[in-house]
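Visitor: Place chain B on chain A using the hints.
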Amino acid sequence: MSDYEAILKAYELSGGNPRALQFPDVGSLVVKENKVLSSNEVEGLFLKSEETSKGVKAKLLVKKGCQIRNPVHLCFGVIPEEGIQEIIMDILLEDNSSVELLAHCTFPNAVKVKHIMTAKIKIGRVSSLKYSEVHYHGVKGGIEVIPKAEVDIAPQGRFHNNFTLIQGRVGKLNIDYNVKVAEKGVVELIAKVYGKEKDEIKIKESVFLNGEEAKGLTKSRVVVIDKAKSEVIGETYGNAPGARGHVDCVEIIEGEAQAEAIPKVSVSNSEAKVTHEAAIGRVDKKQIETLMARGLGEAEAIDVVIGGMLK
Amino acid sequence: MLKIENLTLVRDQIIILNKINLEVKKNEIHTLLGVNGVGKSSLAYCVMGCSGYEIKEGRIYFEGKDITKFSLSQRAKLGITLAWQESARFEGITVKDYLSLSGKNGNDYLGDILDKVALNSKLYLDREVNEELSGGERKRVELASVYAMRPKIAILDEPDSGIDMLSLGKIKDYILSLKERGSSVFLITHGEEITEISDKISLMCNGEIIKSGNPNEVRDYFKRRCRKVCNLRKKLNE
Numbered sequence: 001m002s003d004y005e006a007i008l009k010a011y012e013l014s015g016g017n018p019r020a021l022q023f024p025d026v027g028s029l030v031v032k033e034n035k036v037l038s039s040n041e042v043e044g045l046f047l048k049s050e051e052t053s054k055g056v057k058a059k060l061l062v063k064k065g066c067q068i069r070n071p072v073h074l075c076f077g078v079i080p081e082e083g084i085q086e087i088i089m090d091i092l093l094e095d096n097s098s099v100e101l102l103a104h105c106t107f108p109n110a111v112k113v114k115h116i117m118t119a120k121i122k123i124g125r126v127s128s129l130k131y132s133e134v135h136y137h138g139v140k141g142g143i144e145v146i147p148k149a150e151v152d153i154a155p156q157g158r159f160h161n162n163f164t165l166i167q168g169r170v171g172k173l174n175i176d177y178n179v180k181v182a183e184k185g186v187v188e189l190i191a192k193v194y195g196k197e198k199d200e201i202k203i204k205e206s207v208f209l210n211g212e213e214a215k216g217l218t219k220s221r222v223v224v225i226d227k228a229k230s231e232v233i234g235e236t237y238g239n240a241p242g243a244r245g246h247v248d249c250v251e252i253i254e255g256e257a258q259a260e261a262i263p264k265v266s267v268s269n270s271e272a273k274v275t276h277e278a279a280i281g282r283v284d285k286k287q288i289e290t291l292m293a294r295g296l297g298e299a300e301a302i303d304v305v306i307g308g309m310l311k
Numbered sequence: 001m002l003k004i005e006n007l008t009l010v011r012d013q014i015i016i017l018n019k020i021n022l023e024v025k026k027n028e029i030h031t032l033l034g035v036n037g038v039g040k041s042s043l044a045y046c047v048m049g050c051s052g053y054e055i056k057e058g059r060i061y062f063e064g065k066d067i068t069k070f071s072l073s074q075r076a077k078l079g080i081t082l083a084w085q086e087s088a089r090f091e092g093i094t095v096k097d098y099l100s101l102s103g104k105n106g107n108d109y110l111g112d113i114l115d116k117v118a119l120n121s122k123l124y125l126d127r128e129v130n131e132e133l134s135g136g137e138r139k140r141v142e143l144a145s146v147y148a149m150r151p152k153i154a155i156l157d158e159p160d161s162g163i164d165m166l167s168l169g170k171i172k173d174y175i176l177s178l179k180e181r182g183s184s185v186f187l188i189t190h191g192e193e194i195t196e197i198s199d200k201i202s203l204m205c206n207g208e209i210i211k212s213g214n215p216n217e218v219r220d221y222f223k224r225r226c227r228k229v230c231n232l233r234k235k236l237n238e
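Top line first, the protein sequences correspond to chains A and B. Take the first sequence: its position 19, counted from the start at 1, is 19 in my numbering, and no numbers get skipped. Take the second sequence: its position 142, counted from the start at 1, is 142 in my numbering, and no numbers get skipped.
This is chain A alone, in the form it adopts within the complex (with noise of 0.2 Å):
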């Protein structure tokens, strides 16, 4: 099998469409451990990546006032047991301009694995990015995920991450966004991931509305069984007047497993506002005992709720 062909079985693994991949008018960026294996711009978008000695260098740039149609597809991942990757990323969206990204990061034979994902993201003016993550790290568990971003909103930008780790294992996930907002500038993260065994899962999520009538919500929903551990850290700092910023944590354990929640509401201006809500227990009984009276099994009603929760 090729590295090509390994790579998009891996990227279907993770939820990706490989035929996406090979549409001419889709932009697309495939690598594997450090190497390019494919690159396609399209207009308005441009995509430059350098191969380095642990991974790949990647500059994405949407052009001012350029709507990107059709969502580009990012493709990364590490095919054997063993292997470090990191990624280094600059996104940058020129003024009045839109791109939707879908990336899926894969690395379904993980048994000593390493991907680090630094991105620099700077959003211009009436802008919007759509960020879609989705991770598979296989059964094993062994590996380390480090996604680390910087974000920079200009007025009247927009945007929305989407993370989501629910197949497989978890192994260790730590991320750490940090995200600036000028005026009227929105901003919205939402993290979905479900944690067993002995997953170790810690995202940090800061939001800084800085610009007049700034909006920020995160919102986490965190699954953790067996003996997995979770901590979520959810900061919204309203700095500006008429800002308006909500942290919204949910956590579900079930087994061994441990939960931690650690919201932090800071404001610095008397017109702005920030509010938080944090919710850590088991599955609620209402909700399993409503499903078992519909017919199903408790094991199965737990699956729906969670399901549902992490969709």
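Be aware that one or more of the hints could be misleading.
[To be verified] Below, computed lysine-lysine pairings styled on DSS-like, alpha-carbon distance capped at 30 Å:
(1) LYS211(B) with LYS285(A)
(2) LYS285(A) with LYS116(B)
(3) LYS286(A) with LYS170(B)
(4) LYS285(A) with LYS96(B)
(5) LYS311(A) with LYS116(B)
(6) LYS286(A) with LYS77(B)
(7) LYS286(A) with LYS179(B)
Calculated from the structure, these hints are not laboratory results.
Guide: Just chain B now, with coordinates in the frame of chain A:
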């Protein structure tokens, strides 16, 4: 069909239900009427087998089988179901998915089921059963899921509470259609209006069944005498 014999429920050393005897016959709408806080919902939870409502004394029979020790799931598999007074929320689960859990039906059929509870399928099938639906809407969706299940007996805990008068007629029609499809209904309420469709009414006061029989007679007794006495007893107990 459902027979309750000498059922007593004690929680935290307080007698919640005291020697309840009651029978719901096949294809009957049997109403349990009483003011708030007299133990009606507790009886529903005992019959359904909810956790925390395990009974120490008495027996519950369903179709001649002693189900007193059966789990909630086992009871549901026999054809018993319950619609809670306040319906649960389900994040990420659409109305369509939720109804599909109760039965295996195509979309058109699910639409018909929503019609039974006066919800427009075009507007509701793809919505989530979460806080974006009002309590009343979630209650209707739950009633629809009961309908989809085709239960042998449906225990409906206050389907009329939080429902406006116009919608009350729809809820009555819904209950009658459950009966038409062959289900028995154990209807729990504190409002007399919905009891018009009952075949039989049992009156509960202070954890006991104090009168049972002809709907007109029991309802009349409730209106004239029992409501005031029960409320007074409840206040004295508080």
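Visitor: Each of the hints needs a verdict: does it hold here or not?
Guide: Hint check:
Simply put, LYS211(B) and LYS285(A) have alpha-carbon atoms about 34 Å apart, too far for the 30 Å limit, and the pair is violated. The suggested pairing of LYS285(A) with LYS116(B) holds, with an alpha-carbon distance near 28 Å, which does not exceed 30 Å. About 26 Å separates the Cα atoms of LYS286(A) and LYS170(B), which keeps this hinted pair within 30 Å; it holds. Between LYS285(A) and LYS96(B) the alpha-carbon distance is near 22 Å, which keeps this suggested pair within the 30 Å criterion.
For the hint linking LYS311(A) to LYS116(B), the alpha-carbon distance of about 29 Å falls within 30 Å, and the restraint holds. Annotation: proposed proximity of LYS286(A) to LYS77(B) holds, straight-line Cα distance about 18 Å (limit 30 Å). For a cut-off of 30 Å, the pair hint linking LYS286(A) to LYS179(B) stands: about 26 Å separates their Cα positions.
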